[in-house]
Structures are given as C-alpha cells and as structure tokens.
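We have chain A; now place chain B onto it with these hints.
Chains A and B, in that order, give the protein sequences. Add 3 to the 1-based position in the first sequence for our numbering, that's all there is to it. Add 3 to the 1-based position in the second sequence for our numbering, that's all there is to it.
Bear in mind the hints are in silico, worked out from the structure with no lab data behind them. Take the hints with a grain of salt, since some may be wrong.
It does not matter which identical chain is meant; a pair holds if it fits inside one copy or across any two.
As the list claims (entries may be wrong) - Once the Cα atoms are required to be at most 30 Å apart in a straight line, the calculated DSSO-like pairs of lysine-lysine come out as:
#1 Lys21 / Lys173
#2 Lys97 / Lys133
#3 Lys200 / Lys156
#4 Lys173 / Lys200
#5 Lys173 / Lys96
What you are looking at is a predicted structure, and each value in this text was computed from that prediction instead of being measured.
Protein chains: 2
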Amino acid sequence: MIRFVVTGHRAPTTGDFKLDDITGGAGRLDVLVRCVNSAFFLSHSIRTDTELFLVLEGGRDAPKTIRFSGKEIRYLNPDERSTASLIRNALLKKLNDTEIRSSPGIYVSRRSFSDVVDYLRTVSEIIYLKEDGTDIRDTTLPEELTFVLGDDKDLTEEEEKVLMACEPSKLCIGPLSLHADHCMIVVHNEIDRQRDK
Amino acid sequence: MIRFVVTGHRAPTTGDFKLDDITGGAGRLDVLVRCVNSAFFLSHSIRTDTELFLVLEGGRDAPKTIRFSGKEIRYLNPDERSTASLIRNALLKKLNDTEIRSSPGIYVSRRSFSDVVDYLRTVSEIIYLKEDGTDIRDTTLPEELTFVLGDDKDLTEEEEKVLMACEPSKLCIGPLSLHADHCMIVVHNEIDRQRDK
Numbered sequence: 004m005i006r007f008v009v010t011g012h013r014a015p016t017t018g019d020f021k022l023d024d025i026t027g028g029a030g031r032l033d034v035l036v037r038c039v040n041s042a043f044f045l046s047h048s049i050r051t052d053t054e055l056f057l058v059l060e061g062g063r064d065a066p067k068t069i070r071f072s073g074k075e076i077r078y079l080n081p082d083e084r085s086t087a088s089l090i091r092n093a094l095l096k097k098l099n100d101t102e103i104r105s106s107p108g109i110y111v112s113r114r115s116f117s118d119v120v121d122y123l124r125t126v127s128e129i130i131y132l133k134e135d136g137t138d139i140r141d142t143t144l145p146e147e148l149t150f151v152l153g154d155d156k157d158l159t160e161e162e163e164k165v166l167m168a169c170e171p172s173k174l175c176i177g178p179l180s181l182h183a184d185h186c187m188i189v190v191h192n193e194i195d196r197q198r199d200k
Numbered sequence: 004m005i006r007f008v009v010t011g012h013r014a015p016t017t018g019d020f021k022l023d024d025i026t027g028g029a030g031r032l033d034v035l036v037r038c039v040n041s042a043f044f045l046s047h048s049i050r051t052d053t054e055l056f057l058v059l060e061g062g063r064d065a066p067k068t069i070r071f072s073g074k075e076i077r078y079l080n081p082d083e084r085s086t087a088s089l090i091r092n093a094l095l096k097k098l099n100d101t102e103i104r105s106s107p108g109i110y111v112s113r114r115s116f117s118d119v120v121d122y123l124r125t126v127s128e129i130i131y132l133k134e135d136g137t138d139i140r141d142t143t144l145p146e147e148l149t150f151v152l153g154d155d156k157d158l159t160e161e162e163e164k165v166l167m168a169c170e171p172s173k174l175c176i177g178p179l180s181l182h183a184d185h186c187m188i189v190v191h192n193e194i195d196r197q198r199d200k
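Next up, chain A with everything else stripped away, as it sits in the complex (with noise of 0.2 Å):
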C-alpha cells in the first residue's frame, strides 16, 4: 500500500466555503485537491492500492482529517472543483470521537498530524521528501510505504517534530524543487516502475 499525509495549514474544517474560491477563501485548498488527483488518477482507471491522508489545520473546527481510500472510492472526477465538493461534503458531517464514511471511499476524523502520522509508522515506513535526501532511484522502496507532504508551505516546526520522532527515511526526487501534487507524481512513477521489475 501507497500512502500519502499532506497538511492543508490553512485548509477549511467546515463545510462553508465557496466551490468558486478554493484558493482564497477556502485556504488554498486547491492545493490539496490536486494532490487528490495525483494520488489515484491513471489514464483509464484508478490506483487502488493507494490511499490519501489530508490533514485540514485551517479554520474553526481544526484540526480534521479526511482519508481517502483508492480501493474504495467512487464519485471521483479529475477536476479541482467536484473534488472540492467532495471535500465539502465531508466537513458537513457532524463528528464525534470516530471516523464516519461521508461517500464510498471518503472518511472524515477529528484526527490531527500526529495521530495521523503515530498511526501510519505502526504499519509502514515513513519516508520525508527532501531535497538532501537519496535519490529515490538508488532505494529499493518497501510494500508498505508513507509518504509525508507540506502544502504550498512546508511542515511546520511542530509537525517536523513529529515526523523525526519516527526516524523517517529522506529521500529526493530530484534537482529541483517541486508542488506537491507533482512530487506524488514522480514517486508513483517510480514506485510504478520498481514494482515493474
């Protein structure tokens, strides 16, 4: 299993943001829908063995976290806007001390980075993209495999805390530094290709 955390800092926790304003209004959101699109979109199916957590830090009911799981999910078109509104619709669900499905392959929590990320190092390895990191062409990738994304802005102080204590691998992509969304797609790429072989 591919996996992928990605913190919105700036991302709504409530469903009361405008579809036609993703980037402003909505803490540029399309930041993350476009990581969702790169998580699972190949050219005539989807990846079903990947699975995306967006950690939402932004707004009046932060932090949550919505998962989605490759294997399971339907309603997903390419585009920034029905993806927005898929999110959308799961900041409407009232929440308690658990996960609830919003849609087939779309889970909402109250869970935060940490919880995210202390939950994923038990079943797999965590690996951080930097640019100081091996080339992940020089690294055999394991089965089960994390990997942790800043937004448009880079993981705070507090969550790179979180993320050392787990002792992640560095890895890097390559010579220049990339949008997230398109960081996902060089390592699908190259897991794609490794599991190829």
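Okay, now just chain B, sitting in the frame of chain A:
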C-alpha cells in the same frame, strides 16, 4: 527549450463557456488547464525554458492554438479556474491570419495541429509518448525537443498521420498509462535530472 503540444479534441474555440463548467460545457478544458500547470510550475518559480501549445479543436471557430511562453508568462496561477479564465480571454480576441498576444506570455492564432507540428519539426526533435517506445531513462534527450500528447483521448488517426510524417522518436515513461498532465511531470523530472548531470 522544452515544448509540449496538447490537442483538445472537443475544447472550445469561443470564449462563451462558463468557468464553473470547464469539464462538461467547455469540452474537457479541465484536462488542458492541468497541462498548463504541469508545463510551468516549480515550487517557487516558473519553468522559463518551456513552451506549451494547446490546439483547440472543438466549438464553432476551430481550430485555434494558444501558445504559452514560460519566459514571458505573467498572471499564471496553479488552479484550474484562473487558467481557464486566461484561456477564455485569449479566445475572446479578434483574430486575423497572425498570432496575437492575449496577455503576457499567452498568444492565440488560427493554427491547426498540422500547422503547429510542421513548424516545430523545423526547430526541434519531435517525440511521441507511446507505451511501446524506448524508455525515456535510456535516452539522452536533446536540448530542443517537443512532446506531442492527446487530451483525455488519443490523437485522432489524422493527427497521428501528421505526426508520423515527422518521424518522431517514440519514448515510454513507465509501465502504466497516465493522464497527459501527469506524463508531462514525469518528462520534466527526467529532463531536470539529465540537465543536472
């Protein structure tokens, strides 16, 4: 210079589409605006060595080509809606036989797919991404190169005929078939690595 040509088989050629409906009413313009994002965005800058040609083949005034120059472009944001708005502005321009500037780095003309490819073959190597091509990692990519891609549909028979007349190199980027905008990310990553050596 890295150039991409993407054909929008049903993409609009008049500016009367709604920004809220770029997936449906605007003939999958969403696919093309994601290609704009992939062509140009780095984490904190723009790829100035890249040019993108969107060949729009749908609607009442086909064909039109919108050319994006990374060196000159301004007012470009990564989200789909704002890029669709830049394209709409270009399509509202009155055209004669020459290419005209719509906004900094964005140009529009009545060029067809074959007009664009016939020009580009004189200035660069033409590359066709195909599953049965040579692995891009096993190829030394030249300085001047043009990648030709379809939107969510493959090239038409006629377009493929035009392309094959250029005797393009056939390259493959991995074992799975990806969306056009995702292919562009993988291509850029390989070029970044080769030019960094």
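Against the structure, the hints come out as follows:
no. : hint            : verdict
1   : Lys21 / Lys173  : neither (37 Å within a copy, 44 Å between copies)
2   : Lys97 / Lys133  : neither (37 Å within a copy, 47 Å between copies)
3   : Lys200 / Lys156 : between (35 Å within a copy, 28 Å between copies)
4   : Lys173 / Lys200 : both (23 Å within a copy, 21 Å between copies)
5   : Lys173 / Lys96  : neither (36 Å within a copy, 49 Å between copies)
Going down the numbered hints, you'll see the structure goes against 1, 2 and 5, while the others check out.
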